[in-house]
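Both chains come to you apart, so use the hints to assemble them.
Protein sequences, first through last, are from chains A and B.
Residue numbering for the first sequence follows numbering that gives the first Met the number 0, starting at 0 and increasing by one per position.
Residue numbering for the second sequence follows numbering that gives the first Met the number 0, starting at 0 and increasing by one per position.
It should be emphasised that the hints constitute simulated quantities derived from the structure, not laboratory data.
Incorrect hints may appear among the rest.
[Stated by the list, open to error] Cross-link-like lysine-lysine pairs, in silico, PhoX-like; alpha carbons within 25 Å at most:
| no. | chain 1 | residue 1 | chain 2 | residue 2 |
| --- | --- | --- | --- | --- |
| 1 | A | Lys277 | B | Lys160 |
| 2 | B | Lys113 | A | Lys216 |
| 3 | A | Lys214 | B | Lys113 |
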Amino acid sequence: MKKITKLGAVSALSLIIGATAAFAEDIKIAFIDPLSGPFASTGTNGLHQFEHAVDFMVNDEGGVLDGQTMEVVGFDNKISPKESLIQLQVAIDQGIRYIVQGNSSGVANALTEAIDKHNRRNPDSRVLFLNYAAVDPALTNDKCNFWHFRFDANADIKMDALTDVIAADDSIKKVYIIGQDYSFGKAVSAAANKMLGEKSPDMEIVGDELHPIGKVKDFTPYARKVVASGADAVITGNWGSDMLGLGKSIIENGFEGPIYTYYAAGSGMTAAFGDSAKDRIRLISQGAINPIGSDRARDAYNSFLERHPDGNIDQSRIYNTIGMLAEAIKEAGTADDVVAVASALESMEYESMWGGKLFMRPQDHQLIQDMHIGVHTDEDIEFPYDSSTFGVKTESTIEMASMDSPTTCEMKRP
Amino acid sequence: MELILVNLIDGLVTGLLLFMLSAGLTLIFSMMGVLNFAHASFYMLGAYFAYSISLAVGFWMGLLIAPLIVGLLGAGVERYGLRRVHQYGHVPELIFTFGLALLIEELVQFIWGKNQMPYDVPDVLNFTAFAIAGNSIPAYKIFMIFISVSIFIGLLYILTKTRVGMIIQAALSYPRTVEALGHNVPLIFMGVFGVGTALAGVAGVIAGPVLGTFPGMAFVLGSIVFVTIVIGGLGSLWGALVASLLIGWITTFAKSYNIAMSDILNGIGISTPENMSEHPLRDLWTVTSPQIADILPYILMVLILIFRPAGLFGKRES
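Extracted from the complex, chain B is given alone in its bound form (with noise of 0.2 Å):
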């Protein structure tokens, strides 16, 4: 029982960090209807970048400048190459993100090199929290679900209660009446671009002492990010989040607990086979939930395109 309690709030930081990279995610592919391939790489940037910075004035200076660089950084891409590359089609646009995603991780390998980096959690936060029998739940965590938290109701207000957001969501929809309005809407795209990769980059600042900043640890998140908003469906604030929730706690639980797909197979009247050994089914009836813990998500993608194109909270219809 106790560990229940425990793998929820696991899956909880887990989750909402998810939340965080495709939050921004969702934001850019529902207005430029690109699958930006470099977002993980900008979280990635992120982590970097903050560990340098708090080498020189502290963790808490790169929370705030890291994502900062991050941002200006992403809006540059937009307006000096995605912009450019936008007149050709999407296609083009893809190759784009790609390449840039690629480019980053030779030159993250270039300027810090391929070791691990010694990036690690502030001393201020280095203790644990509390204890759920004997599991310790570091207070780092807890400010993980903070930080990310505040993020969520910060963006959902910003979107749904004020004048820039309405003109983000109008300009989601409708680009050419927006700007027929008098509204700049390529300066939308950027700004929304600058503020996703930002977020990616906040991500990465406050993941990277746990997870671990090191050159494939945006190859590590990257498509995982894609499941997640196709999950959610696009654009939807609020299915980012449920379905990193919902990807969050899928994993842990299915790495916590050694079900044997025998038991299943078993629970529901199939019997095992005598013969293991020669059986062409083997390896089905010998996998374990931890083993297959990471395709979960994957297959709740597949269920949800057959059932629910749109995604949980997908409006978008074509």
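Just chain A, with the same shape it has in the complex (with noise of 0.2 Å):
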């Protein structure tokens, strides 16, 4: 009896010890994005701000559940779409639950195809796409899926939200589209004809032109058309070195109104503009950073520059996304059941500690949040980017941005 006695304590001990040990392994999250190659610094920063966002939101502050930490993985994906199918397949064998990508939606369409197929086909190692960056409309209307998840604003938002300020204008009559020659350009250029012909209907365009994407030398003669089409402002989706090389052109050469862009911040582009762009250059993003949202999201710039002195905290949503994955997995008790989590996920509301409310929109998996318009500047800048003494402070809000925006959306629940 009394050997009985003791086994059934040794099992029961070693079950309770086991469980525990299953229970403390990490929540590992895995990055599948750029880490070498021309777009290595975006992909690296952003890993960055992933590993700072579950150290400061989670780890610190003593994990989820039963203390479970979480660990985030970086996988280079080279930013091939054939790469990062390897890379999560990589990630899956190794038994993470959840990932996470950004750059280039060629990619996230190639990774959400691919995951769809992967949790229909094997139940037992379901996993989850959480999209920090990836805009193309398509991956929350025909191609959404109860897997992905969206936490930046789409394409469309962001220009519903830049004609909203655009179209309140009344000094802007005339308006001049530039961009790269390819989808997201003509993307972009194509949202703003439609939503400023619904919005301002005597607002004329003056120019819709696209660009050879990263091989134009010198963009003064386009710089030349924007200043003898008479425009008011400028919009364009230019990123990288089209960015800086249109921005800086356009300002030398005579243009005195507005350029309305979407990524003219951080990576350089920032301490480059420098003066010449001082109260030039707009900036629609989610998450503002001057002034910054709350003492919290202060702190949590400021442990990260410790970390990273040269480095900028230019996708905010990154932390949101990390934030509503915690309460998520707290909401569903588990981290393992990832239907549980998300379903948890799904109509979640959220308070960003940038300020504002998050709202996971359960129809097609967008996150509905509020987005700044931010100028380009020097006065008023708490955390300014590149190290330079420039950063974007916040003009303009558009509360919960496009809420009621239509989805073709057809999801299949499990």
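Below, the structure is given as structure tokens:
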């Protein structure tokens, strides 16, 4: 009898130990983005922000559930969809349940399809796809699925907010649209044309132009056309060196009005624009940095700077992604059952430390959030970019932008 | 009318910048018979060096020192790299410069990172020189024209009026004879290579603030430099100048005016097909001049090669 009790006690103990060992295992998040090649700096900066976000928001707070910590594992996809699918398989084989990715909608499209297929075929090792930056509207429309959540506003939502501000500005009567000659540049142009036409029919679009992507040496001739058209404002979706070249050229060659952009800050661009673009460049983004949304966000930014003195938090949605994931895991009571976690994420309302409410729209898994339009300046800047004195200061905010925007998503739930 | 004048000035700036790059390359090419694929990389190095120097001692010292360092580096590459590879023939030389270009790009990314550098126009020149019908011409552009023209005149003077120039010109065509006369031909080669890369460095120093200083800057300009020297004719300074200006103006005007191909085709009497969306030549009909502006120099090069294989001012016939 005594023996049996002993045996029972030992086995019970070992079970408990075994269970806690299983519980104490980290929640791993696979970060699949470019860590080498021409877009490596964007990817690496994103990884740094993710690593800091899990430490600051989860691990330093004692973890989730029974003290489980989170860990971000970097996978280099060289910004290739094919490579991403290989890395996805590696991540799944390592038992990772959460995939984050953002650079290039082409990659996101490949991943969301592959994940949908994988989850249907392997109900035991399902994964969730948390998209923090790929803004192709199709991902939450025709190509939506239950496993994909987008934490950035899509290109249409951003243009909707941008055109709200442009339409409300009485001094803007003529607009020039210019962009890179590929799908995103065309999407920006189409959305701008459509939305400006609806919101402000008497506004004149004096130029609508696409230039070869990454090949233009000197933007002066384009800048001349912008000036000659008599435009009051310019809209562009350009990024990288195309953004800097176009912006600098337009300003240097005598254009006086504002330039409305998506990606004209950070990655060296803010420092390179410097004084020349002061009060000229306007940027649409979620998450305000100047003024900062809360004391907690201030702490977050300062502790990030301690770790990466030359870095920028230019994707504050990464913190929302981690915050909401942690919240969903707590609500579901498990990190292993991703269906429960996804159900908790759906229609979650979350208070962002960057200010404003977030709402994960259940119909299409598109996060609805405040959109901010900021201006490039060195006044009232608490957190500048690129170790310069310049940063982006919020000028106007559109609350819960495009809350009721239509979606063609028909989601099948497991 | 005013816009034409503005475009002439813009094209002149682009062309002269191209000239500074191609002048060095054309000399090196005609001497060694080797396309230096790394030439545009020296241009990039010029911009990066000047940026780093300008942080410490200002733009003007950068303009002075950076090309010097680039020139020394170039001379070193010739002395310790190309000269050794040379004995194995032209193909290894070509591969050597190709590898060098990749190496320099990786090095630049390693040292300065992949971001854009905040290399800016100096404050003294940061104003509008004058405006033509609302189009401002920045003072910096006038400065660029001034520098390029002085370099052209200087080079022309050295090559045609001085003893050094005569030896160089002779060494271009008859290296063995020049050597037999007691001149140190390898040293001349090293000097020309150094000066050529230093010229590319100058171009980088003054182009960096306007065209952007980033790891891809060499790649963007790389091929157009070769086109320039082929059009101009190998080894000819005048050829390099004329070809550079031609390319500068052609691309600037093509980008400035939205000339549609359909207008041209209509103009020569071909009528637009009615159902465009199904037409096999749809892309040809809808193309506009800004879209093809950057390939016009290549078309020009092909035409030149067909009708005048030695280039506009090329002398060497083999």
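For this session: Decide if the proposed pair is consistent with the structure: Lys113 of chain B and Lys216 of chain A, CA atoms, cutoff 25 Å inclusive.
Result: Holds, at roughly 18 Å.
Exercise. Hey, Lys214 of chain A versus Lys113 of chain B, does the alpha-carbon distance stay inside 25 Å?
Worked result: Measuring from Cα to Cα gives roughly 17 Å; hence the hint holds.
Exercise. Are the Cα positions of Lys277 of chain A and Lys160 of chain B separated by 25 Å at most?
Worked result: It is violated: about 50 Å lies between the C-alpha atoms, which goes past 25 Å.
Going down the numbered hints, you'll see the structure goes against just number 1.
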